[in-house]
Amino acid sequence: MEGHQRNLYLYDRFNARVLGASRDDVITLKYFAKSLELTFPLLSNVTAFMGAYFDIQPEGKPIFGRRTVIIDKTGVVRYVRDGSPDFKDILLFLKKLNQEGGKP
Amino acid sequence: MKRKGLMILCLMWVAAWLSGCAITEPAKKVPYRLSPQGTVIWEDEFEFRPPPLDWKLLRVEVGENDISFGFTRSDPGGFPSVTAFAYDEDPFGCTAASFEGREREFFKRFLFNAILQFQILERKRVQVVGGEGLAVIVEGKDPVKKEKVRAKVVFGKRGDRIVGFYITQWRPMDGSYDLSAFEVFDKFVASFKFLKKSFYETL
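Residue numbers (the numbering used here), protein chains in the order written: chain V, 1 to 104; chain H, 105 to 307.
For reference, chain H alone in the conformation it holds in the complex (with noise of 0.2 Å):
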C-alpha cells in the first residue's frame, strides 16, 4: 500500500514536471510587412503609411467573411473617448453605380447598433486610390446616452466596386473633438494604394 502510494507519488511528480516543460510556439504569421521607405504592406494586396505608434491596430471581421483592417486610440477625457480608423473592402449598401447612392445605403446601417441623430456636416468630391471619390462627414449624437460622435465616410473605387475608408471619433456629449485624428486619418487615406487587382476583377 505505501509503495502504491510512493509511485502514485511519483507519477504525479513526473506530470508536473512535464507540465512545466516549455513548448515551443510556431512564430505567429504577421498580415503585414514594413517596406524600406516606411510604408506598410498589407497582404501583398495593399500599402499605406501608418499612424503614429499610439495607435494600434485594429482587425475586424465584418460583413461575411470579408475582412477590414485598421487602427484605434483611446482619447483623454471621459467614456466613450476613442477614436478608430478603418479601410473596409465591402461597405454597408448594394448599389456600385453611384457614390451618392452608396452613401444614402451606407448610413442607414452606419453604427446602427448606437441610435443617433445623425446631421451631415460636409460633402464633397474627392480624389482617392487613383480615382475620384466621395467625402462625406458627418456628426451623430445621442441625446439619452449624451454622447456623440463625428466620423468622416470616403468612398472610392477599386474595379467595379466600391470601397470606404471611415474614422468614428466618440465624445461624451459636453467633450470636444480632437481634429488631429482625422489629419491622421486623410494621410492614411491618401497614401493608400491597391497593389493588385482586387479578388473581383480577377473573377
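In isolation and in its complexed conformation, chain V is listed as follows (with noise of 0.2 Å):
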C-alpha cells in the first residue's frame, strides 16, 4: 500500500486511480490507512461479493487473495495479476495504456 502511496504522482501522469479491496470493515481499514498515512480510498467489502467477482475468493477464509486488477476506462480488465505488486511492471502497463488512449 505504501508502494501505491509513493506512485500516486505518477498514477496522476497516467491519468490513473488507486483503489484498494479487502474484506475488512470501514473501522479497521480507517485505522489502516491512518497508520500508514493513505490518501486513496480502501473499499470495505465484508460480504465480499467482490472476491468472487474478482475471482480472489480464497474458499472457507475470511480473506481475499493478493491481486492487482488494471481497468481501462470502458470497464474492460486489462491487466492482471497475483501476489505482491510488481510496480515497475504496474507503471509501465499504465504508460502505454495511457499512450495508447484507454485511459484507465
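This list has only true hints and no planted wrong ones.
Keeping only pairs whose Cα atoms sit at most 20 Å apart, straight-line, the calculated PhoX-like set for lysine-lysine is:
id : chain 1 : residue 1 : chain 2 : residue 2
1  : H       : Lys261    : H       : Lys291
2  : H       : Lys291    : H       : Lys160
3  : H       : Lys261    : H       : Lys297
4  : H       : Lys228    : H       : Lys261
5  : H       : Lys291    : H       : Lys228
6  : H       : Lys212    : V       : Lys30
7  : H       : Lys160    : H       : Lys133
8  : V       : Lys88     : H       : Lys300
9  : V       : Lys73     : V       : Lys95
10 : H       : Lys301    : V       : Lys95
11 : H       : Lys301    : V       : Lys88
12 : V       : Lys96     : V       : Lys73
13 : H       : Lys300    : H       : Lys261
14 : H       : Lys301    : H       : Lys261
15 : H       : Lys212    : V       : Lys34
16 : V       : Lys88     : H       : Lys261
17 : H       : Lys212    : H       : Lys245
Because the hints were derived from the structure by calculation, they are not lab data.
Two independent chains are provided; combine them into the complex using the hints.
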C-alpha cells in the first residue's frame, strides 16, 4: 500500500486512480489508512462479492487473495497479476495504456 | 530369470555411471563489476567504494519487488553481535516532500519486528548523492531480550524520490559498539553515485 502511495504522482501522470479493497470492516480500514498515511480510497467489502467477481476469494477464508487488476476507462479488465504488486510493471503498463488513449 | 537380473544390474550400473557425469553449469552472472579505480559498478546503475574484505555482500529483496543491497559482518562478542548496512531505493514511508516527514514514517516501521525503545542520538543535515540529505543516529534497546542496536539512517534524493542508506549494529545490552564500522558505512555513503536516471525518472 505504501508503494501505491509513493506512486500516486505517477498514477496521476498516467490518468490512473488507485483503489484498495479488502474484507476488513470500515473502522479497521480507517485505522490502517491512518497508520500508513494513505490518501487513496480503501473499499470495505465484508460481504465479499468482489472476491467472487474478481476470483480472489479463497474457499473458507475470511480474506481476499492478493491481486492487482487494472481496468480501462471502458470497464475492460486489462491487467491481472497475483501476489505482491510489481510496481515497475504496473507503471509501465499504465504508461502504455495512457499512450494508447485507453486511459484507465 | 538370471539373465533378467543381470540386465537390471547392468541398467542400474549405467544409471549410476551417468548420474556421476559432471554437468556443466552456466557461469553465474553477478550484478556488479569492479572498475579500474577499485570501485564497484552495480548493475551499471550505482558506483561505490566497497567495504574491506571482511564484509560479506548482502542482497535482500525488500518492500515489493524492490531490490536493495548491502554488506554484513559478524562481530566478536556474544549474540547478537553483528553489523549490516544497506542501500534502499524505497525506504519505509510515503512522504516524498520532506526528509523530516519521511524520517517520522520510516521509524514507525524500522526494525518493527524487534520491539525496541528508540532514542534519537543525533540528527543533522548532510550532503549525500550530490544533494542535501538528512542523517539520523538512533539507539534502540530491548530490555526484555537484553539486546541493543545502534543505527544510522541517511536519507537522500534521487530525482523526486527519497532513497535511504542505513547501518544497524546489534549488541548484547552489556556489549560495546564498534564505531569503526560506522566509518566504513560513512565512506560507502560518501562514495555512492548514481550512474544513470532511476526507472521513475524515465517514465
